[in-house]
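**Student:** Given chain A's structure and the hints, the job is docking chain B onto it.
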Amino acid sequence: MRSINTLANPSTFMRISGAVIPPLAVIAAALFAVGLYFVVNSPPDYQQGETVRIMYVHVPSAWLAMMCYTLIAVSAIGSLVWRHPLADVSMKAAAPIGAAFTFLALVTGSLWGKPTWGTYWQWDGRMTSVLILFFLYLGLIALWEAIEDYSRAGRAVAILALVGFINIPIIKFSVDWWSTLHQPASVSRFDAPAIHSSILTPLLVMAAAFTLLFFLLHLKAMRVEILKRRAARMMAQAAQPGFVFQPAE
Amino acid sequence: MDLGPHAHFIIAAYVVTGATLLALVLWAFLGERRMQRVLSDLEARGVKRRGGG
Chain A
1294 MRSINTLANP STFMRISGAV IPPLAVIAAA LFAVGLYFVV NSPPDYQQGE
1344 TVRIMYVHVP SAWLAMMCYT LIAVSAIGSL VWRHPLADVS MKAAAPIGAA
1394 FTFLALVTGS LWGKPTWGTY WQWDGRMTSV LILFFLYLGL IALWEAIEDY
1444 SRAGRAVAIL ALVGFINIPI IKFSVDWWST LHQPASVSRF DAPAIHSSIL
1494 TPLLVMAAAF TLLFFLLHLK AMRVEILKRR AARMMAQAAQ PGFVFQPAE
Chain B
6 MDLGPHAHFI IAAYVVTGAT LLALVLWAFL GERRMQRVLS DLEARGVKRR
56 GGG
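For the record, the sequence lines run as chains A and B. Under the numbering used here, read the first sequence as residues 1294 to 1542, first letter to last. Under the numbering used here, read the second sequence as residues 6 to 58, first letter to last.
Extracted from the complex, chain A is given alone in its bound form (with noise of 0.2 angstroms):
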């Protein structure tokens, strides 16, 4: 436990991450590259045609989305249980994150839903629980812009985001629950795969490559919060009386 306290501590991160996103920066530019590299190469899919490679940015974009959401509910329960600074600021540098990622995963499934279902948009259970993720995303921004205590923000982020968790089992089962448009669940299933492995190959690489980065966004928005609230309070500092500044050079 002391050891995560150690980790957890502003200035350990702020050391740790400064040497952890260069090469995970050069592995993500690599995993695209390979990436792409599949999907050019990649076979057409025999129902779908060549639409199937907007698989290739869809569902890492859905996986994130979802992922993301998850992260932030256990920064919530960090910030809650043990108040912990750093899952406050891992939450709020989240959030914008996931907002990206869930529009994308609404942007290209109409993308892809147009030429495969003949609609951009279907008030299914799949797609309305992704635009109410979206929006979740949206109120956790809109709550932390909207109170100015950092840790009172902090509880009221974390509170909504474990209220919204509820959404994240709702979006991976509503294909089974309700009639959809939306397929059902191909990769990540209890029995093996439903796609050949032309097509879950690139699929996986991108996949890595999504959330290597999503993790270095992640730790980059962390270290740009952190710098925030250290000006914050140089600037509360500065603003007591007397205090005078020097002339800038």
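Where hints are given, some of them may not hold.
[Unchecked claim] Computed footprint of chain B on chain A, listed as stretches where at least three residues anywhere in the stretch have a Cβ under 8 angstroms from a Cβ of chain B:
| id | region |
| --- | --- |
| 1 | 1342–1356 |
| 2 | 1395–1406 |
| 3 | 1520–1530 |
Keep in mind the hints are simulated off the structure, nothing from the lab. Source: prediction; values computed, not measured. Even for Gly, the Cβ is constructed at its ideal location relative to N, Cα and C.
**Tutor:** For chain B alone, coordinates are given in the frame of chain A:
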């Protein structure tokens, strides 16, 4: 590479994805650079950094 009759849907999906991911990368990387500048400016004007976080 022939993307067939639905090429514009495929291209649009990749363009939107590329633009969004690029925007995220710029947001994160330029954000840190901007905050480092703000902190350096505050330190240069005599405000001391206290504590870890």
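**Student:** Are three or more residues of the region 1520–1530 of chain A within 8 angstroms, CB to CB, of chain B?
**Tutor:** Holds, because 9 residues of the region 1520–1530 of chain A bring their Cβ atoms closer than 8 angstroms to Cβ atoms of chain B.
**Student:** Closer than 8 angstroms Cβ to Cβ for three or more residues is the test here. Does the region 1342–1356 of chain A pass it with chain B?
**Tutor:** Per the Cβ count (8), the hint holds.
**Student:** Given as covered by chain B, does the region 1395–1406 of chain A meet the bar of three residues or more with CB within less than 8 angstroms?
**Tutor:** Since three or more residues must qualify, the claim that chain B covers the region 1395–1406 of chain A holds, with 6 doing so at under 8 angstroms.
When the structure is compared with the earlier hints, no violation turns up for any of them.
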